[in-house]
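Engineer: In case you want the letters, here they are:
There are 2 protein chains.
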Amino acid sequence: MILYNSQVSGNCYKVRLVLARLGASYERRELSVSDRTDRAEVLGGLNPALRVPTLVLDDGRALGESGAITWFLAEGTDLVPSDPFSRAQVLQWLFFEQYDHEPAIAAVRFWVAYSGRPEAFTHLLEERRAAGHRALAAMETHLTGRQYLVGETLTLADVALYAYTHVAPEGGFDLAAYPSIGAWLDRVAGDPHHVPMDA
Amino acid sequence: MILYNSQVSGNCYKVRLVLARLGASYERRELSVSDRTDRAEVLGGLNPALRVPTLVLDDGRALGESGAITWFLAEGTDLVPSDPFSRAQVLQWLFFEQYDHEPAIAAVRFWVAYSGRPEAFTHLLEERRAAGHRALAAMETHLTGRQYLVGETLTLADVALYAYTHVAPEGGFDLAAYPSIGAWLDRVAGDPHHVPMDA
Numbered sequence: 001m002i003l004y005n006s007q008v009s010g011n012c013y014k015v016r017l018v019l020a021r022l023g024a025s026y027e028r029r030e031l032s033v034s035d036r037t038d039r040a041e042v043l044g045g046l047n048p049a050l051r052v053p054t055l056v057l058d059d060g061r062a063l064g065e066s067g068a069i070t071w072f073l074a075e076g077t078d079l080v081p082s083d084p085f086s087r088a089q090v091l092q093w094l095f096f097e098q099y100d101h102e103p104a105i106a107a108v109r110f111w112v113a114y115s116g117r118p119e120a121f122t123h124l125l126e127e128r129r130a131a132g133h134r135a136l137a138a139m140e141t142h143l144t145g146r147q148y149l150v151g152e153t154l155t156l157a158d159v160a161l162y163a164y165t166h167v168a169p170e171g172g173f174d175l176a177a178y179p180s181i182g183a184w185l186d187r188v189a190g191d192p193h194h195v196p197m198d199a
Numbered sequence: 200m201i202l203y204n205s206q207v208s209g210n211c212y213k214v215r216l217v218l219a220r221l222g223a224s225y226e227r228r229e230l231s232v233s234d235r236t237d238r239a240e241v242l243g244g245l246n247p248a249l250r251v252p253t254l255v256l257d258d259g260r261a262l263g264e265s266g267a268i269t270w271f272l273a274e275g276t277d278l279v280p281s282d283p284f285s286r287a288q289v290l291q292w293l294f295f296e297q298y299d300h301e302p303a304i305a306a307v308r309f310w311v312a313y314s315g316r317p318e319a320f321t322h323l324l325e326e327r328r329a330a331g332h333r334a335l336a337a338m339e340t341h342l343t344g345r346q347y348l349v350g351e352t353l354t355l356a357d358v359a360l361y362a363y364t365h366v367a368p369e370g371g372f373d374l375a376a377y378p379s380i381g382a383w384l385d386r387v388a389g390d391p392h393h394v395p396m397d398a
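Order-wise, the sequence lines are chains A and B. Note that my numbering has the first sequence beginning at 1, numbered continuously upward. Note that my numbering has the second sequence beginning at 200, numbered continuously upward.
It should be emphasised that the hints constitute simulated quantities derived from the structure, not laboratory data. No experiment lies behind these values; they were computed from the predicted model shown. It is possible that part of the hints are untrue.
To be verified - Here are some chain B residues the structure puts well away from chain A; computed CB gaps all over 12 Å:
| hint | residue |
| --- | --- |
| 1 | Gln206 |
| 2 | Ser224 |
| 3 | Ser233 |
| 4 | Arg260 |
| 5 | Ala287 |
| 6 | Phe294 |
| 7 | Glu296 |
| 8 | Asp299 |
| 9 | Leu324 |
| 10 | Glu325 |
| 11 | Gln346 |
| 12 | Pro368 |
| 13 | Ala375 |
Claimed, not checked - Quick list of the computed label-pair ranges, beta carbon to beta carbon:
| hint | chain 1 | residue 1 | chain 2 | residue 2 | range |
| --- | --- | --- | --- | --- | --- |
| 14 | A | Pro179 | B | Pro317 | 39 to 49 Å |
| 15 | A | Glu127 | B | Arg333 | 20 to 30 Å |
| 16 | B | Asp385 | A | Ala177 | 45 to 55 Å |
| 17 | A | Leu175 | B | Asp282 | 34 to 44 Å |
| 18 | A | Pro179 | B | Arg333 | 35 to 45 Å |
| 19 | A | Leu125 | B | Ala336 | 38 to 48 Å |
| 20 | B | Asp258 | A | Glu27 | 43 to 53 Å |
| 21 | A | Pro179 | B | Thr236 | 26 to 36 Å |
| 22 | B | Glu325 | A | Ala130 | 21 to 31 Å |
| 23 | A | Leu125 | B | Ser281 | 41 to 51 Å |
| 24 | A | Arg117 | B | Val311 | 26 to 36 Å |
| 25 | B | Val311 | A | Glu127 | 38 to 48 Å |
Unchecked claim - Per the computed footprint, the stretches of chain A lying under chain B, defined by three or more beta-carbons under 8 Å from a beta-carbon of chain B, are:
| hint | stretch |
| --- | --- |
| 26 | 13-27 |
| 27 | 90-97 |
| 28 | 131-144 |
Heads up, the beta-carbon is just placed ideally off N, CA and C, and yes, glycines get one too.
Working from the sequences, and respecting the hints, build out all of it.
Structural biologist: Take a look at the structure:
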């Protein structure tokens, strides 16, 4: 398999986390997150959204969207429950991440720490920081009294939400106000199959 | 089942389309899309994102996120393929819709046609219109030469993308430039199980 990857992208990290759990071998092809001028040339025909991660299977078929790629890889493993309602709860958190969490927390982190021109995004920071804190507050409320996002064990929901939550401080989000998130981050990172983002 | 619903929301329409196909009976509880001050009171404890659609099953368990709700309802029907790769392709389009398509096309439609204060969003229109046209162009390219988004039959991907695409003109998106989308919209709406948005 070939993973079109950006090492600092949390969306790509989700895929690498699942691949590491599977013990799968794959080739990484690194694309820049700041200079995206080559995306159409490299990813055209593979992913309508022209984004990383894009996974190309050994038979040449390609998938985009971290949620779809990780679901494809993880279905049938203990990361995706077999009970239909629990499966849907995992998907609920995957969609929450892509709609409420990533466009705030990942966007601010990118602007501040990786874009190379943070001043270009100053006018957007306040609204996106507030949106990020709303997403974190929703997670904190849900995780209070729970060990994992869905059920009693680690699932794809935890992997997906871990990716950008654990680097939220790079975007200036102070996680000290979210103690249940803090304990959950430690729990997810303590899983024996866990690999760090820079691996 | 109880569906917390907004009749003009495309996200809720996706759920209603799937429920209509299933012939399922359910109660609708209508929430306003413009005055959202009651969301925490009504949806707290049911949906961490405090949004419609939220579906409450007969046993009291609740699900949020249109992609998760429709997947839960449609798994095992012909809307969700059984082949793992095709399933992942359906999910890819569901995530594309929530990340690239809805935040542009649905947002502009809401600001222009439903917010009651379009002038408050004027400064955001140009960038969001451009993003919407990028999403439509990606769909047009993919649909050229194809009957449906995934495989040879109608799937949940078509239902999900139909919802906000067919009302994109309410946001000022002229679909005349996208003939393959136009033919696909007619095809989806021609399905014998289809119901209109205002049903």
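Engineer: Run through the hints listed earlier and report the numbers of any the structure violates, in increasing order.
Structural biologist: 4, 5, 6, 7, 8, 19, 25, 26
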